[in-house]
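Undergrad: Here is what each chain is made of, one letter per residue.
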Amino acid sequence: MAFPNILMQFRPIVAALTRHKVATLLIVLQVALTLAAASNALFIVATRVVHLSRPTGTDESHLFVIRNHWKSGQNATQIDANLRADIAALRSVPGVHNAFSSEAFPLEGGGALALGLKLTAEQKTRPKLSLVYFADEHAIDTLGVSLVEGRNFRADEIAALGRYDKVAPPGIIVTRSLAQKLFPEGSALGKTVYLPTGPVPIIGVLASLQGAYAGSTTRSIDEDSMLLPARSLDPDGVVYLVRTDGTSMTTVIDAARNVLQERGGIRRIDPTEGVITLAQARDDGYAADRSVALLMSVVCGLLLLATAGGIVGLSSFWVSQRRRQIGIRRSLGATRGDILRYFHIENFVIVSGGVALGGVLAFVANLCLMSVYELPAMPLYVPLGAALTLWLLGQLAVWGPARHAAKVPPVVAIRTA
Amino acid sequence: MWGYYVGLALRSSARSKALTTLVIALLAFGVAACMVSYAVFRATTSDPLPSKSSRLYMPQVDNFGPSSSAGEPPTNLNYTDAVALWQAGKASRQALVFPTTWELTSGERMDSSMSLGGDAVTADFFPMFEVPFRFGSGWAPQDDTRHGSVAVISHRLNDRLFGGSNSVGREIQLDGKMFRVSGVLEPWNPKPRFFDVATLGPLSAFDDAGDVYVPFSRAIDLKKAPQYDYCPASATDAGVTDWEKYLRSECVWINAWVELPTPTSAQGYRDFLRNYSEAQRQAGRFTWGPNVRLRNVTEAMTILHVTPKASSLSMVVSASFLLIVLVNVVGLMLARFMRRAPEIGIRRALGASRGAIYRQFLTEGATIGCVGGLVGVGLTLLGLWGAGGLFEPKIARLVNVDASLIALTVLLAIAATVISALYPTWRAAQTQPAWQIKING
Numbered sequence: 001m002a003f004p005n006i007l008m009q010f011r012p013i014v015a016a017l018t019r020h021k022v023a024t025l026l027i028v029l030q031v032a033l034t035l036a037a038a039s040n041a042l043f044i045v046a047t048r049v050v051h052l053s054r055p056t057g058t059d060e061s062h063l064f065v066i067r068n069h070w071k072s073g074q075n076a077t078q079i080d081a082n083l084r085a086d087i088a089a090l091r092s093v094p095g096v097h098n099a100f101s102s103e104a105f106p107l108e109g110g111g112a113l114a115l116g117l118k119l120t121a122e123q124k125t126r127p128k129l130s131l132v133y134f135a136d137e138h139a140i141d142t143l144g145v146s147l148v149e150g151r152n153f154r155a156d157e158i159a160a161l162g163r164y165d166k167v168a169p170p171g172i173i174v175t176r177s178l179a180q181k182l183f184p185e186g187s188a189l190g191k192t193v194y195l196p197t198g199p200v201p202i203i204g205v206l207a208s209l210q211g212a213y214a215g216s217t218t219r220s221i222d223e224d225s226m227l228l229p230a231r232s233l234d235p236d237g238v239v240y241l242v243r244t245d246g247t248s249m250t251t252v253i254d255a256a257r258n259v260l261q262e263r264g265g266i267r268r269i270d271p272t273e274g275v276i277t278l279a280q281a282r283d284d285g286y287a288a289d290r291s292v293a294l295l296m297s298v299v300c301g302l303l304l305l306a307t308a309g310g311i312v313g314l315s316s317f318w319v320s321q322r323r324r325q326i327g328i329r330r331s332l333g334a335t336r337g338d339i340l341r342y343f344h345i346e347n348f349v350i351v352s353g354g355v356a357l358g359g360v361l362a363f364v365a366n367l368c369l370m371s372v373y374e375l376p377a378m379p380l381y382v383p384l385g386a387a388l389t390l391w392l393l394g395q396l397a398v399w400g401p402a403r404h405a406a407k408v409p410p411v412v413a414i415r416t417a
Numbered sequence: 001m002w003g004y005y006v007g008l009a010l011r012s013s014a015r016s017k018a019l020t021t022l023v024i025a026l027l028a029f030g031v032a033a034c035m036v037s038y039a040v041f042r043a044t045t046s047d048p049l050p051s052k053s054s055r056l057y058m059p060q061v062d063n064f065g066p067s068s069s070a071g072e073p074p075t076n077l078n079y080t081d082a083v084a085l086w087q088a089g090k091a092s093r094q095a096l097v098f099p100t101t102w103e104l105t106s107g108e109r110m111d112s113s114m115s116l117g118g119d120a121v122t123a124d125f126f127p128m129f130e131v132p133f134r135f136g137s138g139w140a141p142q143d144d145t146r147h148g149s150v151a152v153i154s155h156r157l158n159d160r161l162f163g164g165s166n167s168v169g170r171e172i173q174l175d176g177k178m179f180r181v182s183g184v185l186e187p188w189n190p191k192p193r194f195f196d197v198a199t200l201g202p203l204s205a206f207d208d209a210g211d212v213y214v215p216f217s218r219a220i221d222l223k224k225a226p227q228y229d230y231c232p233a234s235a236t237d238a239g240v241t242d243w244e245k246y247l248r249s250e251c252v253w254i255n256a257w258v259e260l261p262t263p264t265s266a267q268g269y270r271d272f273l274r275n276y277s278e279a280q281r282q283a284g285r286f287t288w289g290p291n292v293r294l295r296n297v298t299e300a301m302t303i304l305h306v307t308p309k310a311s312s313l314s315m316v317v318s319a320s321f322l323l324i325v326l327v328n329v330v331g332l333m334l335a336r337f338m339r340r341a342p343e344i345g346i347r348r349a350l351g352a353s354r355g356a357i358y359r360q361f362l363t364e365g366a367t368i369g370c371v372g373g374l375v376g377v378g379l380t381l382l383g384l385w386g387a388g389g390l391f392e393p394k395i396a397r398l399v400n401v402d403a404s405l406i407a408l409t410v411l412l413a414i415a416a417t418v419i420s421a422l423y424p425t426w427r428a429a430q431t432q433p434a435w436q437i438k439i440n441g
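Listed in order, the protein sequences are those of chains B and P. Using my numbering, you'd call the opening residue of the first sequence number 1 and step up by one each time. Using my numbering, you'd call the opening residue of the second sequence number 1 and step up by one each time.
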């Protein structure tokens, strides 16, 4: 019985609203704009949160990185010897599970070598770009990535590479993402690709490993990494990636610093920024995402509060304007419940108008944002969720004024203002 | 009269406290959100060299070809083009710049070395960018051609090495080589660090300027390869096997800047760039027609995406927040004014003109806006204090509060309220005195 009753009340409510066109329109506009802004803001928050929790594929919580700069005046042979000695020393530090040297590390935000891979020697189209990590036979274990196909490097395959050395590696290990882009049909294992230095077979495939550039800015090649069997003899320096075996990270970091300090004259490690855990690197790398997400959440909260405030303000005004009419209705037999229901239904009607308009605006705003910021298209459930929130918010906001209205005694009808 | 209206506004506000508080709070939040975003946006889009940024240009030459560059030439030059443009000397001043890091050794003690950031530059760099000197000056143009071992150091480094005394003529050891100090800079830290941001990338645009500047030619001798370069897809070929071949490769990493005093000379330089590019095609180096750009500092900073996206996004978001707040305020003001219809009716009946009603209610709007603005200033300061948690520290550090920001906050609040009060005031002025008095009688 209750439902048709409510339906019957619609017509007088809508008729009454047409007497307050501007005020109604203002709330409708307010709700519409809020819906458009809030759903886009929430959607940005959601995409940023998803983005900043992208895994690197490595055992992040147990990894740290030492940025080791060589002092000038060392030749390639000296650097190579120092590099090997350092790695051996790091592997023997208590608490260190494994270690290797590379030219870049995950979440670094840059610094990695990018190589173009061709499928044939004569390929004229743009080669498929891949982000490189210099690696040795300990790299897979150190990173904690899983090799799903093929084999690891052998110790004798690791070449020492100077800045301009061009040595064709005996084989490379690629991520599954890169493998699938290179060879969409069938396995990439054992296939030959062409590096700038010449042909090279793919000897292994990793489940996943993010490139060093991944962070707040997204690139389509974030997951297209490869391991190159090499030690970097770059005279500037190298990075050492170290995986601990679960003992306290700071203890191991201190021990590693001490071990390297024993031959401190050949190197410089920045006292503050020289050692970074991957957890810290993640915080730094995704700082922009976090700030955008935080900003949007704050604005969303303020927006909803502002809308609620507006509804409370205008509804109380209406109630005070209609005291006589409410009194008349009460004296003609309407119960308090009827008055309460009237204002709740009225609010629902107005908010629904706003939601309809706002839904359209939300998608238009999304289209505009898509062209300026790297944003995907907004799925339907985002504005629907925001609409639901606004309906609830409207009902909550009108609750106070409506209760006020219900308290108006019938006797008001016969009093002069 | 205006004072009387302000008094009326305050008295009517006291009568409807809740509604007034709501309007003021909404305004304050809306305005504060806008001003916080604006302060950050202003800091990140500021002109690093306001006195002459319109006369400084960044030449670009497409040496990648249409297959790699997708129509837009790389923002850096390779060594061949950079040196060719510099030697041609077609502009009144020209600077080549690339960022380098040096290892500073104090001679006897090898352990106490430290790493220094800075740039390899040509002599024109200092006068062209109006770099202020505390002692000495930049090096002479001859030092560029004779690959002189001279250096200009920051005041910070001078304080650390020489205790802040005049160190011109003294020597410092960089990467084991001796350099004579030719000048010491005053604190100089242009934001954004426009002169080498094309190499360093937008993420480093707000980093502090370096500590040591040496001649470009000398840094090339010492094979100071840049940390970052950008090579066309075809150039990662096996051809680059040593430094000499790297210099001759198409990899780009050098920032070029030219000073052109008049628009005519800028047009002349554009023609020169086009002719240069055409000559390269005729020489067989390029297989494509001239594709060159000459952008001034402001345009160059735009194309280099120096302004963080979070900053422009927050500007868009807070502007829409203010818009929504304004719609809200219109509604609330309407409620506020309509409630006073009887009062307006009496005023009109006693002879007040429509104009008087307009004046009274717009003054009321402005008064509320002024209060909202003052509260907004407080919220803005609070927000800027919290901006450190929202933006990267190096960007949050740039944001400053000045009188203009505070004045702008209050003005924006007043303007916003007066605009929102326009329609409600019009409605109020339409009140029929006779009708109002009748129903109240």
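It is worth saying that the hints were derived from the structure and are not from the lab. Backbone N, C-alpha and C fix where the C-beta goes; we use that ideal spot for every residue, glycine too. Warning: the hint list may mix true and false statements.
Sample of chain P residues lacking proximity to chain B, with all beta carbon distances greater than 10 Å (derived) [stated by the list, open to error]: (1) 67; (2) 175; (3) 325; (4) 355; (5) 356.
Okay, derived cross-link-like pairs now, DSS-like style, lysine-lysine, Cα gap no bigger than 27 Å in a straight line [claimed, not checked]: (6) P:224 x B:71; (7) P:90 x B:166; (8) P:245 x B:71; (9) B:124 x B:166; (10) B:128 x P:245; (11) P:438 x P:52; (12) P:245 x B:124; (13) P:17 x B:407; (14) B:71 x B:21; (15) B:118 x B:128; (16) P:17 x B:118; (17) P:309 x P:245; (18) P:309 x P:223; (19) B:71 x B:128; (20) P:224 x P:245; (21) B:71 x B:166; (22) B:118 x B:166; (23) B:124 x B:71; (24) P:52 x B:166; (25) P:191 x P:245; (26) P:438 x B:21; (27) P:52 x P:191; (28) P:52 x P:90; (29) P:177 x B:71; (30) P:394 x P:191; (31) B:181 x B:166; (32) B:191 x B:166; (33) P:438 x B:166; (34) B:118 x B:71; (35) P:223 x B:71.
Undergrad: When you check the alpha-carbon spacing of residue 52 of chain P and residue 90 of chain P, does it fall within 27 Å?
TA: Measuring from Cα to Cα gives roughly 19 Å; hence the hint holds.
Undergrad: Taking only the CA atoms, is the gap from residue 224 of chain P to residue 71 of chain B under or equal to 27 Å?
TA: holds (14 Å)
Undergrad: Below or equal to 27 Å on CA atoms is what counts here, so check residue 118 of chain B against residue 128 of chain B.
TA: holds (7 Å)
Undergrad: Are the Cα positions of residue 71 of chain B and residue 21 of chain B separated by 27 Å at most?
TA: Violated, at about 77 Å.
Undergrad: Residue 17 of chain P and residue 407 of chain B were given as a pair; does the straight-line alpha-carbon distance stay at or below 27 Å?
TA: holds (21 Å)
Undergrad: For the pair supplied as a hint, residue 181 of chain B and residue 166 of chain B, confirm whether the alpha-carbon distance does not exceed 27 Å.
TA: holds (25 Å)
Undergrad: Hinted pair, alpha-carbon criterion (27 Å max): residue 17 of chain P, residue 118 of chain B. Please report holds or violated.
TA: Roughly 73 Å between the alpha carbons, so the hint for residue 17 of chain P and residue 118 of chain B is violated.
Undergrad: Since residue 355 of chain P was said not to touch the interface, does its Cβ keep a gap of more than 10 Å from each Cβ of chain B?
TA: Per Cβ check, residue 355 of chain P is outside 10 Å of chain B; nearest 23 Å; holds.
Undergrad: Please verify whether residue 309 of chain P and residue 223 of chain P have alpha carbons no more than 27 Å apart.
TA: violated (35 Å)
Undergrad: Regarding the pair residue 177 of chain P and residue 71 of chain B, is the alpha-carbon distance no greater than 27 Å?
TA: holds (13 Å)
Undergrad: Beyond 10 Å from every chain B Cβ: check whether that's true for residue 356 of chain P.
TA: holds (23 Å)
Undergrad: Take a quick look at whether residue 52 of chain P and residue 166 of chain B sit within 27 Å of each other, Cα to Cα.
TA: Violated, at about 46 Å.
Consistency note: the structure conflicts with the earlier hints numbered 1, 2, 3, 7, 11, 14, 16, 17, 18, 19, 23, 24, 25, 33 and 34.
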